[in-house]
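Throw the hints in and build the complete structure from the sequences for me.
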Amino acid sequence: MYIRRRKRLKEAVSVISGEDGPTSIFIAGHRKKPGFVNHIRNLKYKRKREKIEKGIREGSHSLEEVVLYIQNTYGAREKPQDSHSYMEEKKCLKESLILKHKPELLGDKADVKSPDSYDEESMKEFWKQIKERSKMAENIADEMMPMDLHLYYIKIPDTGELVITIDTVWAIFACSYSGKSMKQIAKDIYMYYGVTKEDIINRSERYLALVTVLAE
204 MYIRRRKRLK
214 EAVSVISGED
224 GPTSIFIAGH
234 RKKPGFVNHI
244 RNLKYKRKRE
254 KIEKGIREGS
264 HSLEEVVLYI
274 QNTYGAREKP
284 QDSHSYMEEK
294 KCLKESLILK
304 HKPELLGDKA
314 DVKSPDSYDE
324 ESMKEFWKQI
334 KERSKMAENI
344 ADEMMPMDLH
354 LYYIKIPDTG
364 ELVITIDTVW
374 AIFACSYSGK
384 SMKQIAKDIY
394 MYYGVTKEDI
404 INRSERYLAL
414 VTVLAE
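When we follow my numbering, the leftmost residue of the sequence shown carries the number 204, and every step to the right adds one.
Since the hints were derived computationally from the structure, they do not count as laboratory data. Note that this is a predicted model, so its numbers are computed, not measured. A virtual CB, placed ideally from N, CA and C, is assigned to each residue, including glycine. Among the clues, some could well be false.
To be verified - Pairs of lysine to aspartate or glutamate residues, derived as DMTMM-like cross-links and limited to a Cα-Cα distance of at most 20 Å, are as follows:
1. 338 - 291
2. 294 - 341
3. 294 - 351
4. 358 - 281
5. 303 - 341
6. 327 - 311
7. 390 - 256
8. 303 - 335
9. 254 - 419
What the hints assert, rightly or not - Computed Cβ-Cβ distance ranges for the label pairs, DEER-style:
10. 261 - 289: 29 to 37 Å
11. 404 - 359: 32 to 40 Å
12. 295 - 362: 22 to 30 Å
13. 268 - 328: 41 to 49 Å
14. 281 - 252: 31 to 39 Å
15. 239 - 404: 33 to 41 Å
16. 253 - 295: 30 to 38 Å
17. 313 - 280: 30 to 38 Å
And the structure:
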């Protein structure tokens, strides 16, 4: 999700930031500067990632060890499996896993193409197909797509909340948070989870996730 902020300066300034990369700045009325600003910011972000990668060393912990760490260090608690947030997360993750590992379970719904044109009818049909696919994925029996999903949360009053998603069947580990002060906790947890020598050599998803989080 993008966050847009506007300030009144000599020109209108739009700041667009996302979790997957550096902030981009667009200045109304100037067509050449935005490209230059983006280039500089992207270059700085690239150099920051390169510096972080040089400093990463092998050293990792299992998901079970991560759970004990967040409980003992930050007092993390597990969300009940009948809670709305847990059920929504499981539904979304299940569909994602099916698309990635067992798309054949969804038949022709596995490949929902974006509309060629963005008229109202085309968009309606596109979202109709997406909803039908989600419903089909939700109804696939658990034994056909086994999961061991656990959601843990760390909440600090007047500060923010951090949610840790863990699935031991698919070796999934992810953190999401609200509140800037929770960012450092997320980085600490990712560093504790760490990477193996093979992760570094192969630049695995686990390795790239660590680099991305540390670069934020």
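Could you tell me which of the hints above the structure violates, numbers in ascending order?
none
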